Amino acid sequence: MKHFVFATILGGLLALPAQAADYKIMAPAAPGGGWDQTARTMQTALQDEKVSSSVQVVNVPGAGGTIGLAQFVNQAKGDPSQLIVGGYVMVGAILTNASPVTLDQVTPIARLTGEYEALVVPAASDIKDMAGLVEKLKADPGAVSWGGGSAGGTDHITAGLIAKAVGVDPTKVNYIAFSGGGEALAAILGGQVTVGISGYGEFESQIKAGQLRIIGISSDERLEGIDAPTFKEGGVDVSIQNWRMVAAAPGITDEQKAAITADIDKMVTSKTWQDALATKGWANTYLAGDEFKAQLSKDIESTSAILKDIGLVK
Amino acid sequence: MDTFALLAQGFLVALEPINLLYALIGVTLGTAVGVLPGIGPALTVALLLPVTYKLDPAGSLIMFAGIYYGGMYGGSTTSILLNTPGESASIVTALEGNKMARKGRGGPALATAAIGSFVAGLIATIGLALIAPWIVKFALSFGPAEYFALMVLAFMTVSAAFGDSSLRGLTALFIGLALGLIGIDLQTGQARLAFGIPDLLDGIEVTTLAVALFAIGETLSIAATPSSGDERIEPVKGSVWMSREDWSRSWKPWLRGTAIGFPIGAMPAGGAEIGTFLSYSVEKQLTKKPEEFGQGAIEGVAGPEAANNASAAGTLVPLLTLGLPTTATAAIMLAGFQQFGLQPGPLLFTSNPQLVWGLIASLLVANLMLVVLNLPLIGLWVRLLSIPRHWLYAGILVFATLGTIGANPSAVELGILLAFGLLGYLLRRFDYPIAPVVVGLILGPLAEQQLRRALAISQGDLTVLVHSPISIILLTLAAAAVIVPLVMRARGQGKILSQLAGDED
Numbered sequence: 001m002k003h004f005v006f007a008t009i010l011g012g013l014l015a016l017p018a019q020a021a022d023y024k025i026m027a028p029a030a031p032g033g034g035w036d037q038t039a040r041t042m043q044t045a046l047q048d049e050k051v052s053s054s055v056q057v058v059n060v061p062g063a064g065g066t067i068g069l070a071q072f073v074n075q076a077k078g079d080p081s082q083l084i085v086g087g088y089v090m091v092g093a094i095l096t097n098a099s100p101v102t103l104d105q106v107t108p109i110a111r112l113t114g115e116y117e118a119l120v121v122p123a124a125s126d127i128k129d130m131a132g133l134v135e136k137l138k139a140d141p142g143a144v145s146w147g148g149g150s151a152g153g154t155d156h157i158t159a160g161l162i163a164k165a166v167g168v169d170p171t172k173v174n175y176i177a178f179s180g181g182g183e184a185l186a187a188i189l190g191g192q193v194t195v196g197i198s199g200y201g202e203f204e205s206q207i208k209a210g211q212l213r214i215i216g217i218s219s220d221e222r223l224e225g226i227d228a229p230t231f232k233e234g235g236v237d238v239s240i241q242n243w244r245m246v247a248a249a250p251g252i253t254d255e256q257k258a259a260i261t262a263d264i265d266k267m268v269t270s271k272t273w274q275d276a277l278a279t280k281g282w283a284n285t286y287l288a289g290d291e292f293k294a295q296l297s298k299d300i301e302s303t304s305a306i307l308k309d310i311g312l313v314k
Numbered sequence: 001m002d003t004f005a006l007l008a009q010g011f012l013v014a015l016e017p018i019n020l021l022y023a024l025i026g027v028t029l030g031t032a033v034g035v036l037p038g039i040g041p042a043l044t045v046a047l048l049l050p051v052t053y054k055l056d057p058a059g060s061l062i063m064f065a066g067i068y069y070g071g072m073y074g075g076s077t078t079s080i081l082l083n084t085p086g087e088s089a090s091i092v093t094a095l096e097g098n099k100m101a102r103k104g105r106g107g108p109a110l111a112t113a114a115i116g117s118f119v120a121g122l123i124a125t126i127g128l129a130l131i132a133p134w135i136v137k138f139a140l141s142f143g144p145a146e147y148f149a150l151m152v153l154a155f156m157t158v159s160a161a162f163g164d165s166s167l168r169g170l171t172a173l174f175i176g177l178a179l180g181l182i183g184i185d186l187q188t189g190q191a192r193l194a195f196g197i198p199d200l201l202d203g204i205e206v207t208t209l210a211v212a213l214f215a216i217g218e219t220l221s222i223a224a225t226p227s228s229g230d231e232r233i234e235p236v237k238g239s240v241w242m243s244r245e246d247w248s249r250s251w252k253p254w255l256r257g258t259a260i261g262f263p264i265g266a267m268p269a270g271g272a273e274i275g276t277f278l279s280y281s282v283e284k285q286l287t288k289k290p291e292e293f294g295q296g297a298i299e300g301v302a303g304p305e306a307a308n309n310a311s312a313a314g315t316l317v318p319l320l321t322l323g324l325p326t327t328a329t330a331a332i333m334l335a336g337f338q339q340f341g342l343q344p345g346p347l348l349f350t351s352n353p354q355l356v357w358g359l360i361a362s363l364l365v366a367n368l369m370l371v372v373l374n375l376p377l378i379g380l381w382v383r384l385l386s387i388p389r390h391w392l393y394a395g396i397l398v399f400a401t402l403g404t405i406g407a408n409p410s411a412v413e414l415g416i417l418l419a420f421g422l423l424g425y426l427l428r429r430f431d432y433p434i435a436p437v438v439v440g441l442i443l444g445p446l447a448e449q450q451l452r453r454a455l456a457i458s459q460g461d462l463t464v465l466v467h468s469p470i471s472i473i474l475l476t477l478a479a480a481a482v483i484v485p486l487v488m489r490a491r492g493q494g495k496i497l498s499q500l501a502g503d504e505d
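Residue numbers (UniProt numbering), protein chains in the order written: chain F, 1 to 314; chain B, 1 to 505.
Here chain F stands alone, though its shape is the one from the complex:
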């Protein structure tokens, strides 16, 4: 232990002269959620890999991240040491909350991780596969209740996309919003709703224990270690990824942006980060630069279309 402390101090001292900027990462969510965990994992990886000597995480919870985003845009302007974590949920929240600030006002750096949506039914359900669900949905959309996270979030959007893809009016989707994946899981296990839709990680242990049956996953290709067909294989042309990203402040120079991107790149390839992804079950969907920017604007466009179809955004 003593050696360890000594080594840490020594390591810290040695690293000091070569130090890049210290970072302050905003997690626009309460402690414990996905964005908070992403920010704190970044903190650990950046520090342990000596990319930065001191990284601070600040939580500004509220309204799907839009409160944190607004504060970030106002306070961090031109400050290259400030970062914000965000994700796909923010895209929808900005639209449904009619947020005055949007993702156009920050400098996107990279997409870091992603999770795919899983569609599950209780083990005792008479729905065996995607075709069975589609049949029920077409017969009477209202009779199929979907349990997932809050209205307008990724889960709700996916449900809407599925309905639209099979020719069912998305406004007829009987979506039951729960305050989080855990509460939704309880309702699905208790047979209170017909199907459950949320990130695969929420259901993983129940699927493995045989209490839930997975009937589809929202990735383009089958995923390793997950014995489930994709939505597309089930005849529903929908693919969606609930990604998480990191963005920098508005109004920074191109050099500053390049330096941050280099730091994040170093972090993403580090062993600490890779190990953390493995233990947390996060898929590495790292995508930086202009490619990410293009992907982002595509997502914003399609999300705004589906939210209008569901009737959440006018």
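If you're looking for bench data, these hints aren't it; they were derived computationally from the structure.
Predicted, not measured: the structure shown is a model, and the values here were computed from it.
Glycine included, each C-beta is placed from N, C-alpha and C at the ideal position.
It is possible that some hints are incorrect.
[Claimed, not checked] Counterexamples of contact, computed for chain F against chain B with all Cβ distances above 10 Å:
1) ASP104
2) GLU255
3) LYS257
[Stated by the list, open to error] In silico DSS-like pairs for lysine-lysine, Cα to Cα no more than 27 Å straight-line:
4) LYS232(F) / LYS208(F)
5) LYS128(F) / LYS137(B)
6) LYS208(F) / LYS137(B)
7) LYS298(F) / LYS308(F)
8) LYS138(F) / LYS314(F)
[What the hints assert, rightly or not] Listing some non-contacts, in silico: residues in chain F with all C-beta distances to chain B over 12 Å:
9) LYS50
10) ALA110
11) ASP126
12) ALA131
13) LYS164
14) GLU221
15) ARG222
16) LEU223
17) GLY235
18) ASP254
19) TYR286
20) LYS293
21) LEU296
22) GLU301
23) ALA305
Model the placement of chain B on the given structure of chain F, informed by the hints.
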């Protein structure tokens, strides 16, 4: 191996000196953050999570468990002494606890809270070890309709806490219900009553409202009353310890509080607050000294405190058996499990029995540690009240403000705190009870969401609300809670009832 052999093995893990040290750090930190309003156990565990990368899984989870129990316990100290609830689960404790403290009975109030927490934690943790699978089955049988029935029962029983005027009580309740509407509606994602202020999108924070109404409101009201000479609160009258009578009035509420808090805590949408409300109303109905309720009845501290600690253990039931976190702290503990590559869920008990039983054993150890640490401190805590009044209330004001700002550094939040502090003063000035406002804010949104979920699933068919035996039983109990007092009043026992209702704030 049977349960007891596993538990014994768990104790071997928990009693290792290094793990005892982690438990000690955990309960100490937990108590400290529980005392501070706003800074809850969730934030503390989140802050510590990166630190524990270096520890072994057993050690760090033991520390988290200590923080969790400690936080539940610490919240009661400020509730009782300063009328400033540190956590939403200790709001009810302030009702009777603070009255007791002001009568010089702060010592027994803190003692019954500490021992009650210990007893409840002990029984509930043993319950967690022995009957978790059954409790989980029961909890999962609660759908939106059953939850709604539970909320109706809670509404009906807490109306007993309305004071002598139902009109004033209902007015206060409806203020709370109206405040509960503020924010984004979960079912449609649309903002309600936010008036374009982004900070209102997530609604009014319960602890902010409680601290404002209780602590700030009272401070203003004290400041507005002309001082009449020597009005110092006598910190200790009689013994600091519980008398024989205190013991005999406390043990039953402890057990009842545990019986109420544990299953409700295990329910995915139960939460600690509802258990404390129900426990308080039960004690009020069953007490032999109804006239003391609202004036500092020890049962009103013993029951809810036991209920909130039992529900903390209850929360671990779905976490360990289903991998289902039902509170923010549990969600972070889940992240802690995952960090070590463990997936809580149906398989955890069989795949990692050593860790699970080590955790359960260390919860028992943490529980004992809490009571040992805190009982001797009671004498010190009650000295707080010997601080001259103007200093004491100035201190409370600083403390309440710092806690709120610490939890959410925003000017709007501070404005909300002060505005509701003013509301608290006005309610006091015109004799309206305070508690129903907070009750409305907590229960209103829960009841609304569950009702709407139930009706959406049934596609508008109202009979869904009475389709299961559980909801029928709960609704019948709720009806009885309203009708029985009416009948009693009609039979000329109104006097006792109005005394029973008493004035409370």
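So, going through the hints one by one against the coordinates:
1. ASP104: At roughly 18 Å from the nearest Cβ of chain B, ASP104(F) sits farther out than 10 Å, so the non-interface label holds.
2. GLU255: 30 Å, holds
3. LYS257: 27 Å, holds
4. LYS232(F) / LYS208(F): 23 Å, holds
5. LYS128(F) / LYS137(B): The hint holds at about 24 Å.
6. LYS208(F) / LYS137(B): Distance ~19 Å between LYS208(F) and LYS137(B) Cα, so the pair holds.
7. LYS298(F) / LYS308(F): Holds, at roughly 16 Å.
8. LYS138(F) / LYS314(F): 26 Å, holds
9. LYS50: 16 Å, holds
10. ALA110: 21 Å, holds
11. ASP126: 17 Å, holds
12. ALA131: Answer for ALA131(F): holds, closest chain B Cβ roughly 23 Å.
13. LYS164: Correct as stated: the minimum Cβ-Cβ distance to chain B is 18 Å, above 12 Å.
14. GLU221: 24 Å, holds
15. ARG222: 21 Å, holds
16. LEU223: The claim holds: LEU223(F) sits with its nearest Cβ about 17 Å from chain B, beyond 12 Å.
17. GLY235: 26 Å, holds
18. ASP254: 31 Å, holds
19. TYR286: Consistent with the label, TYR286(F) stays out of reach of chain B, its closest Cβ about 20 Å off (over 12 Å).
20. LYS293: 26 Å, holds
21. LEU296: For LEU296(F), whose nearest Cβ neighbour in chain B is about 21 Å away, the distance exceeds 12 Å, so it holds.
22. GLU301: 19 Å, holds
23. ALA305: 16 Å, holds
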